[in-house]
Amino acid sequence: MELRKNYFADVRKDDLHEIGQPRPRSDSPGHVTGKTAFFADRNFPGMLHLKMVRSPHHHARIRSIDTSEAEKHPGVVKVLTAKDVPHNVYTILILIQIGPEDETVLADGKVRWKGEAVVAVLAETERAAQEAAAKVKVDYEVLPAVFDMEEALKPGAPLVNEYHGQNYYLYDSGACRKVRFGDVEAGFAGADHILEQSYQSSPIEHAPTETTGCVVMPEGNDRFTCYTNTQAMFFTLDNTSIILQMPGSKLHFVGGTVGGGFGGKVDVIVEPIAILGAKLTGRPVSFIYSREEEMQISSPRAAEKVVIKDGVMKDGRIIARKVTGYTDAGAYSRHSPYGAQKGAGHYPGPYTIPNVWIDTYCVYTNRTPSSAMRGFGVTIGDFALEVQMDKLARLIGMDPLEFRFINAYRDGDMKAHRQPTEGAALIECMQEASRAANWPVAEKYMAMSSYKNGA
Amino acid sequence: MAKVPVQFTLNGSEEAEFIDSGTTLLNALRDKIGDTSPKGGCHQGTCGACSVIIDGELRLSCLTLAETCSGAAITTLSGLSESGVLHPLQRAFLDTFATQCGFCTPGMIIAAKVLLDHTPNPSRDEVVEALSGNICRCTGYEPIIQAVLTAARANSQNAA
Amino acid sequence: MALALQTFPTVKDANAALKAAGTRYLGGGTLVVRAANEGDVSVSGLVRSTEPVLSAIAVSGGMARIGASVTMAAIARHPELGALAKAVRAVGGPAIRNMATIGGNLFAPAPYGDFAVALLALDATVSTDNGELPIETFLAGRNDSRAIVTSVSFTLPKAGTFRFLKVSRVKPKGVSVLSIAAVLEQAADGTISSARIALGCMADRPMRARAAEKALLGKTLDRDGIAPALAAATEGTAPITDPIASAWYRAEVLPVHLGRLLLT
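Protein chains in written order, with my numbering: chain A, 842 to 1296; chain B, 540 to 699; chain C, 41 to 304.
All clues stand as given, with none of them false.
Chain B side only, calculated, beta carbon under 8 Å to chain A, not exhaustive: (1) LYS578; (2) CYS581; (3) GLY641.
Hints listed in this document are in silico derivations from the structure and should not be mistaken for laboratory results.
By construction, the Cβ of each residue, glycine as well, lies at the ideal position given by its N, Cα and C atoms.
Can you make the complete structure from the sequences, with help from the hints?
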């Protein structure tokens, strides 16, 4: 490994014992010998298997549910519906006061996306649970569905989620998160060129090799041990405590070993219903997503739409940027109100622009609820911003890398959300990228520093 | 439910069990015998996490019924290190940072072992082909490919 | 009902057992065990036969007869079937090739079944205890086929006449966007004297590209010579739409890939 020590030499410490030294991973010995215990490696005598009956419709009213045939199926021990869940309507971020509670553990009266959990079947074997699940009869009245964010925001669109009352998340700032800095309209009026473009993305599935799941063991002391691959241990414990109306002291979560997460295992989905199953049957319960469920049911990265309008000068300075971002939450909030908010915080990108206007919306549609994934709220925005930067450079006939040097933020610059920049290293990164990619830029850019007024 | 007897050699030890007919080898190994080193990632033959060696051939235990393995010699990752000494592939996976979440690792090492058993000095292309049925979502594959090439070099040096 | 497996020494007995409702034949397991794992509760019983003829490969007099239980790996390493190696290695990864059988490949729904595409181009014959069928007829009726396939036979292609291309988005290999197999014979002047082209993923099962075949006759294998065949390539196709590609995309790229196959 090569370390360039000339950058930030004045603040660099060279007497570090760990940084810059190769160290073996502490978990690798378990991985290469097969001894690492993933949640599904726990197997208990008498363990029941939970299979979920899911909505075949994107949006429908449930007229009736008949579980009588499923309950009689050989091997079936328990069949759960919404009425069995003590606090059936929840939302993950209620722990940090981001409400309202808007999602059902098991559907009650209505389904809002194709694949939504309706009935849970617990049986002696996976096969018996699958067979019994096929015998659950749900009578649906199909409702009009909406899949496009802009359609969802139009008056008269089908209302996706009654707990919100409109198809967007209502922030304390209103229908969207807002950033206002300078006077964007004055900036556009003074610009040499204006470029407005829109960018959009589809949902992206994390596709971890290990699917989402948990194994629950009822302990003799009225506690439940939950072996899980959640990425959000205490979020899951606290939400489970709310959903099951059970003190947290009754719940013992064992985790930390995750067979690939990438943000896809931060929702609280499998644990509460599996623990409820263990509580009501007194037996260990395993609830593990099939590969198909992992791909279709688990939250993907949200689809996003980003509209960027820029005012740019012939000399390369961006003087105004207006961004409107839309995050497709799907049918329920999960982490998406936060994702859309992150977007507002992330725009206008790592550039110093004197006039900025940002609106980001969290929109509800009848699609699979989206949630966290590696830099959610940011990654798609970066794609849009950097494609926009290339287009702007082309528009004014400037080298795209030099164009970024001109606009890059540096220490002391005021960011649009009024945080002064500190610890910036964008200039230095681009200088190194210029060398590594053999993409030369003018000497004056190679002489720049993130220290605005010199080191 | 009809129980059927199965008897095979697992990592050198005789195993005999009565299982439900139709049980996959993956479930028999994990749930009945207690060898959880093969992992169930997809149960459809796509991810390779359940890879095992049956009579010298690489197989997917999730698509193999246990009762079809009677009399066979089965090797899983659990059987690779002898009395605590790591197999060269295990050593190389450690040293080249070829594991991250670790879920694909059992299948990767097993697939690589079959390759090296037949082709002690593989080319990079041969390594890539040998691992083409195994999915890793963390590493981007490059450290895994390097690990297999490193293990092959270590083997040939030991043999020399 | 649990999934139960019955094993019979003869195909005849296995055929009789296969008549029971909910019963499927177990080959390498890559289709039927997968279906059961995925919760297909319509399959309640599995039947297999260990009759040795199912595992035999016989090559003589320019003909090959491959038992239905022969795996892709066994075909790939057979010294006299080298012409098919590229096509057979297109199926799955190494573990799948050690399990998947030639008989099972005939039943693999698109986007799977790449080797069946090759067998269609070879104009193979499919044998069951009820007799023999041309592969095209067999594939057309495969959903209702209740007799165990015992072997697949075909005339070995003359040297250099068999071509195969599988297109996938993942390197080194993944599920097919499409696959193309062709047996092309050329006259002394280089013009095409006979052509059989088979396509995978361009319908729910392998299909012949008859319009393209016809358009190639008498033509030379150069850009101008193949142009009419490329123009006719999608005639009669009904490509599948799946997570790998849309029907539209498959139809768009088929002529491009057919062109590459013909010009190699």
